[in-house]
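Here are the chains, one letter per residue:
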Amino acid sequence: MRFLIPLGVFLVMVIFLAIGLSLDPRNLPSPLIGKPAPTFQLSKVEEPSQALTPESFRGRVILLNVWASWCVSCRQEHPVLLELAQRQEVPIFGLNYKDQLTAARDWLSKFGNPYEASGFDQDGRVGIDLGVYGVPETFVIDKKGLIRMKHTGPVTPQALEKDILPLVERLKQEP
Amino acid sequence: MSAEIGQWCLILAVLFAIAQGVFPLLGAARGIPLWMSVGRAAGRAQFLFLAIAFGCLIDGFIANDFSILYVASHSNSELPLYYRVAATWGAHEGSMLLWALILSVWTVAVTLFCRSLTLPFQARVLGVMGLISTGILLFILLTSNPFDRLVPMPPDGNDLNPLLQDFGMTIHPPMLYMGYVGLSVAFSFAIAALLGGTLDSAWARWSRPWTLVAWIFLTFGIVLGSWWAYYELGWGGWWFWDPVENASFMPWLVATALLHSLAATEKRGAFKAWTVLLAIFAFSLSLLGTFLVRSGVLTSVHAFASDPARGLFILVFLALVVGSSLLLYALRAPSIRDSAHYALISRENLLLMNNILLVTAAASILLGTLYPLVLDALQWGKISVGPPYFSNVFAPLMAPVILLAGIAPLFAWREASLAKVWGKIRWLAPAALTLGIITTALFWELKDIKVLAGLSMAFWLIGGTLLSLWSRVQLRSSVLEGLQSQSLSSYGMTIAHLGIAVFLVGLVLSDRHSVEKVVRLAPGDTAAIGRYDFIFKGIKTVDGPNFKAQEGLFEVRSEDQLITELKPQKRSYRVQRNTMTEAAIDPGVTRDLYVALGEPLDAGAWSVRLYYKPFIRWIWFGGLFMMMGGLLALLDRRYRRHKMDPLVTA
Chain R
0 MRFLIPLGVF
10 LVMVIFLAIG
20 LSLDPRNLPS
30 PLIGKPAPTF
40 QLSKVEEPSQ
50 ALTPESFRGR
60 VILLNVWASW
70 CVSCRQEHPV
80 LLELAQRQEV
90 PIFGLNYKDQ
100 LTAARDWLSK
110 FGNPYEASGF
120 DQDGRVGIDL
130 GVYGVPETFV
140 IDKKGLIRMK
150 HTGPVTPQAL
160 EKDILPLVER
170 LKQEP
Chain C
0 MSAEIGQWCL
10 ILAVLFAIAQ
20 GVFPLLGAAR
30 GIPLWMSVGR
40 AAGRAQFLFL
50 AIAFGCLIDG
60 FIANDFSILY
70 VASHSNSELP
80 LYYRVAATWG
90 AHEGSMLLWA
100 LILSVWTVAV
110 TLFCRSLTLP
120 FQARVLGVMG
130 LISTGILLFI
140 LLTSNPFDRL
150 VPMPPDGNDL
160 NPLLQDFGMT
170 IHPPMLYMGY
180 VGLSVAFSFA
190 IAALLGGTLD
200 SAWARWSRPW
210 TLVAWIFLTF
220 GIVLGSWWAY
230 YELGWGGWWF
240 WDPVENASFM
250 PWLVATALLH
260 SLAATEKRGA
270 FKAWTVLLAI
280 FAFSLSLLGT
290 FLVRSGVLTS
300 VHAFASDPAR
310 GLFILVFLAL
320 VVGSSLLLYA
330 LRAPSIRDSA
340 HYALISRENL
350 LLMNNILLVT
360 AAASILLGTL
370 YPLVLDALQW
380 GKISVGPPYF
390 SNVFAPLMAP
400 VILLAGIAPL
410 FAWREASLAK
420 VWGKIRWLAP
430 AALTLGIITT
440 ALFWELKDIK
450 VLAGLSMAFW
460 LIGGTLLSLW
470 SRVQLRSSVL
480 EGLQSQSLSS
490 YGMTIAHLGI
500 AVFLVGLVLS
510 DRHSVEKVVR
520 LAPGDTAAIG
530 RYDFIFKGIK
540 TVDGPNFKAQ
550 EGLFEVRSED
560 QLITELKPQK
570 RSYRVQRNTM
580 TEAAIDPGVT
590 RDLYVALGEP
600 LDAGAWSVRL
610 YYKPFIRWIW
620 FGGLFMMMGG
630 LLALLDRRYR
640 RHKMDPLVTA
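Chains as they are written, first to last, in numbering that gives the first Met the number 0: chain R, 0 to 174; chain C, 0 to 649.
Worth flagging that the hints you see were computed from the coordinates, not collected in a lab. Keep in mind it's a predicted model, so treat the numbers as computed, not measured. Even glycine gets a Cβ: it sits at the ideal position worked out from N, Cα and C.
Under the rule of at most 30 Å between Cα atoms (straight-line distance), these lysine-lysine pairs were calculated in the BS3-like manner:
#1 C:Lys-547 with R:Lys-161
#2 R:Lys-43 with C:Lys-516
#3 C:Lys-449 with C:Lys-516
Label pairs and their in silico Cβ distance ranges:
#4 C:Asn-157 with R:Lys-171: 29 to 39 Å
#5 R:Glu-54 with C:Leu-441: 51 to 61 Å
#6 C:Gly-322 with R:Pro-35: 45 to 55 Å
#7 C:Asn-157 with R:Pro-37: 37 to 47 Å
#8 R:Pro-37 with C:Met-152: 43 to 53 Å
Reference listing, derived: stretches of chain R covered by chain C, where coverage requires no fewer than 3 residues with Cβ under 8 Å from a Cβ of chain C:
#9 9 to 17
#10 109 to 116
Kindly produce the complete structure, drawing on both the sequences and the hints.
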């Protein structure tokens, strides 16, 4: 009997892999699209005495980028965000997800800070409200505070040019 | 035209792979010598056609044939010739073709070196390899054909991912694949032995050199990958516990365990059922690694493509290969009898502990790698398991491995006398600890417990390894004669174990004492790290073949002595419009100095990352030592062909 154990364990693993395969980690439509962004009040990573709330970007089209200092893929997308921030086409806000304050600040000072401000979401509550599945994720939020798009995984230059920025331009035209 | 030739060769290769997989196995089961002998010829023919197919793909890259979709997606007319050739395996389709080609290289090697094996055993080994090859080649043809045409043909290609435009990255995949795929030989030997009921020490003796070669390549591949991550990603790190890195590390751990348990099986006929299971595990983990990397179930910095159809194919293939082998194992293992008897205190048991620890370590990495997937499958949300998990789990498992490696070679097979061993190692622990304390106190701070522990363990391992060599040398009348009488494989073990110590020193010191500074520097400014002054001389624009770069010039001085000039670059690749940080490194035995450009700031100033990384090179030196140890063991006299007794089987 004991010689069957490896086979049994392997079969359980295959089942999970099969389920994993049917879930695409990159492309889950957010049920929140078209819905208002959740309200929150977080202290800013850069200046914990100040608060970041949706009021901070009401009336503007913005990107809300979920990041963490422990997230490897975030480093990959970071130069893209920095370049975008320099072009000043769209303000980027950050949601620092399940992180340590000092680690997050070190990260920003080391690699550069593309964010107008980052909210410090230590226990990930705001992330849960936003339906965050994995880090990094990026949301496009319109002037009325509605979520209009969600990009899962690192933002690539291609995704930026093809999907995100055209949408931002369209949303800017909206009243 | 070359794409069509390649396509035809690929189809012919599949047909030969099927022949190689079906006839020898059926022939061996029914005792038909003619069918059994098909394997060798079919294997060689398969290699020939795969080599032509691979050549055709390379030709497509050299000739800038952008009518081939794969070439158009991963190359560009501005890409230098060297990288165009390397781009052949720079993405999914081509790297799978390389996988298949390497498998056929191993197959040909088996047909060349295993001629003295009995025909049924040879036939079964080649048959199993043929079946694996059939699966991989069908996968390529059905889901990832590198020869697909692109109509209309684009004027130019999409260029190779700039991260891969680098020397280390061009040879990393072939080395790693040689290791991954090489484990298929040990696997096929294990399955053949299970099928034929010939699980004996001759089987272990024949499996050892093959496992060793695969392990050497795997070690080299992992070292290269880590070194590449260090200088190319520009973060100063060398290991990220990324799923793709884990995918190469798990087979390595299990292959290491397999090497040790094969020794016990060959020498003493012990652990047969366990060894054969390890051989299955090692290759299964290679396949699982391929699945994880190719299917996109886990997001990763390294992952090339994510395609559920491919993932499904590999998963079914994985389930068939691993499932059927484990089923075969479950059916046959109960009848395996270990001939060995050994006492509680014996080298056998120490090797068993080494095996348990290494396999547990591999299992915990597997758990950490798959855990996010399992949570996701249960719809409990998606998470990333970060380096903290792996460091916390891995260190406590590896510490006893290192402690055991220090003394295990001193224990005798069958039954060791604890008193005798104790007589030899009485002073080892105090000596290692004292040396650890002295070096830590001299060069760093005594209260740094991690450095103290790491260095003491390294001294323990070095001391124990040299002691065991000495105790074997001592048996001879003179030292010289004693040194000469040691087998190459015993030197191999010594060097590989010393390699662990070297690695450990690098790991602990670079982890604990690296200094990292992010500074704003205008031309003429100086930043200091310890006794090194970094003087920023300025920035100029440089043109590369397919990129433009901002190149900084830094002078590094120490006490007014010029140490070196460093020229880090910030490259912007024209076609993919990616920005790449090309760090500049001044390597040294006891320290690396590392400069990476950050972002341009106002008035000609730049944000700059400066690193001082003590002993970081020892990490890779350690890996190379282990590899050298493997090479020495491989050159051992007993693996010369005429010395190997053929398998005694009907």
